[in-house]
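J.: For what it's worth, numbering that gives the first Met the number 0 labels the leading residue of the sequence shown as 0, then goes sequentially.
No wet-lab data here; the hints were simulated from the structure.
Wrong hints could be hidden among the right ones.
Said to hold, decoys possible - Once the Cα atoms are required to be at most 25 Å apart in a straight line, the calculated SDA-like pairs of lysine to any residue come out as:
hint	residue 1	residue 2
1	Lys33	Glu56
2	Lys16	Glu52
3	Lys16	Glu85
What the hints assert, rightly or not - Have a look at the derived ranges for each label pair, beta carbon to beta carbon:
hint	residue 1	residue 2	range
4	Ser54	Arg31	17 to 27 Å
5	Val86	Leu22	34 to 44 Å
6	Leu84	Glu18	32 to 42 Å
7	Gly43	Arg10	18 to 28 Å
8	Leu84	Asn27	26 to 36 Å
9	Leu77	Val7	19 to 29 Å
10	Leu22	Leu84	31 to 41 Å
11	Glu85	Pro19	38 to 48 Å
Where is the CB? At the ideal position from N, CA and C, for every residue including glycine.
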Amino acid sequence: MNIIPGGVMVRVYILMKIEPNQLMNVINGLQRIKSVKHFDVVTGPYDIIATAEVSHETVLSKLVSEKVSEIEGVKETLTCHILTLEV
0 MNIIPGGVMV RVYILMKIEP NQLMNVINGL QRIKSVKHFD VVTGPYDIIA TAEVSHETVL
60 SKLVSEKVSE IEGVKETLTC HILTLEV
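The task is simple: from the sequences and hints, build the whole structure.
T.: Given below as structure tokens:
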């Protein structure tokens with residue numbers, strides 16, 4: 000369950016386009032970010048898709064703008080919120 004004291008976790012996918020020859024540098028950078036729970040190298044328009052969990056939208060903003068986007072080799076990001084639906 001994604002419940003934390005005071006609220007619900009914000010879960011997102013962060014899609015990244017990577018500069019040529021920078022894949023390993025980006026992978027190493029992502030491994031050092033505690034909020035990044037998992038990532039995969041993929042084919043298609045994006046090179047890596049990461050799953051991240053944070054406690055609040057402001058933390059998410061800092062995660063993407065100050066941590067993920069600042070990794071050398073990350074040239075573009077797209078963040079998609081993960082929705083929990085009850086069926």
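J.: Each hint needs a verdict: does it hold in this structure or not?
T.: The hints, checked one at a time:
1. In summary, the hint linking lysine 33 to glutamate 56 is supported, as the alpha carbons are separated by about 16 Å, within the 25 Å threshold.
2. With a C-alpha separation of about 20 Å, the suggested pairing of lysine 16 with glutamate 52 holds against the 25 Å cut-off.
3. A distance of roughly 32 Å separates the Cα atoms of lysine 16 and glutamate 85; the hinted pair therefore is violated under the 25 Å criterion.
4. Range check, serine 54 to arginine 31: Cβ separation about 19 Å, and the 17 to 27 Å hint holds.
5. Checked against the given bound of 34 to 44 Å, the beta carbons of valine 86 and leucine 22, roughly 37 Å apart, stay inside it.
6. The hinted range of 32 to 42 Å is satisfied by leucine 84 and glutamate 18, whose Cβ atoms lie roughly 36 Å apart.
7. A C-beta distance of roughly 21 Å is found between glycine 43 and arginine 10, which places it inside the suggested range of 18 to 28 Å.
8. A beta carbon spacing of about 35 Å between leucine 84 and asparagine 27 agrees with the range 26 to 36 Å that was offered as a hint.
9. Distance hint check: the CB atoms of leucine 77 and valine 7 are about 22 Å apart, consistent with the given range 19 to 29 Å.
10. Distance hint check for leucine 22 and leucine 84: the Cβ-Cβ separation is about 33 Å, which falls inside the suggested range of 31 to 41 Å.
11. For the pair glutamate 85 and proline 19, the supplied restraint of 38 to 48 Å holds, since their beta-carbon distance comes to about 43 Å.
The structure fails hint 3 only (numbered hints given earlier).
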